[in-house]
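A.B. asks: The primary structure of each chain is shown beneath.
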Amino acid sequence: MDILIILLSLGAFFSLYRALQGPSISDRVIAVDIMGISFTCITALIALKYDIAYLMDLSIIIAILSFVGTLALSKYLEGRSLDD
Amino acid sequence: MISILGWIFIIIGVTFDLLGCLGLVRFPDLYNRMQAATKGVTLGTCGLMLGIFLLKGFNVMGVKALVCAFFILITMPVAAHALSRSSHSFGIKMWHKTIIDKLGQDKFNKDVIAKNEQEEKE
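Protein chains in written order, with our numbering: chain A, 1 to 84; chain B, 1001 to 1122.
Some hints could be false.
[To be verified] Covered, in the sense of this in silico footprint (three residues per stretch, anywhere, with C-beta under 8 Å from a C-beta of chain B), are these stretches of chain A:
hint	region
1	1–8
2	15–22
3	27–33
4	41–48
5	69–77
Just so you know, these hints were derived from the structure itself, not from any lab. Note that the Cβ used here is the ideal one computed from N, Cα and C, for glycine as well.
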């Protein structure tokens, strides 16, 4: 199980590289989104390892915040307002 | 038996997550990177949550894992679609070996039709 958590952290570091390096702003947005989903998976695996039920709530909350952030930034890029 | 199946699902999910993040580094273009990362990570995360559900059963943790898998399966393609459309209208270039661009053709045709109608009115 530790090996699986280390592999997911390696994936999060890959997306951190893309978020630092990316040529355009959309690269950074999608890299931060993928990094949030990687943190969701890491939190779920930690909840499975130590058998703590409320860490799954934290996993769902990280997924929701990542989705809302990506949607708001895409609306901002298109030039519309947030309630359109 | 169900425990072995759950661990197989978890290993498949972590593999797809890692391959999706590797595609985020290696592909040449924004749109290629976006489709590789989004498809791979969605499938991987749903597999991992399904594996946790198979390991835990109808428990507090298992049902929360199922809810999280359903939520990610709905919201991840929506976010990728909105981001790719907005970055296309923001003007981010495609790769130089791209052979077709349907959305750009549609916008060009709409502009031409609007210009013709305006000339007819004048």
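A.B. asks: Mind taking a look at whether chain B covers the region 1–8 of chain A? Criterion is 3 or more residues with CB to CB distance under 8 Å.
C.D. replies: As far as the region 1–8 of chain A goes, the hint holds, because 3 residues have Cβ atoms under 8 Å from chain B.
A.B. asks: Closer than 8 Å, Cβ to Cβ, for at least three residues: run that test on the region 69–77 of chain A against chain B and report holds or violated.
C.D. replies: holds (count 6)
A.B. asks: Take the region 15–22 of chain A, compare each residue's beta carbon with every beta carbon of chain B, and decide whether three or more fall closer than 8 Å.
C.D. replies: Check passed, 3 qualifying residues.
A.B. asks: Within the assertion that chain B covers the region 27–33 of chain A, do at least three residues meet a Cβ-to-Cβ distance smaller than 8 Å?
C.D. replies: Our answer is that it holds, as 5 residues pass the Cβ test (under 8 Å) against chain B, meeting three.
A.B. asks: Per the coverage rule (Cβ-Cβ under 8 Å, at least three residues), is the region 41–48 of chain A covered by chain B?
C.D. replies: holds (count 5)
Taken one by one, the earlier hints all hold for this structure without exception.
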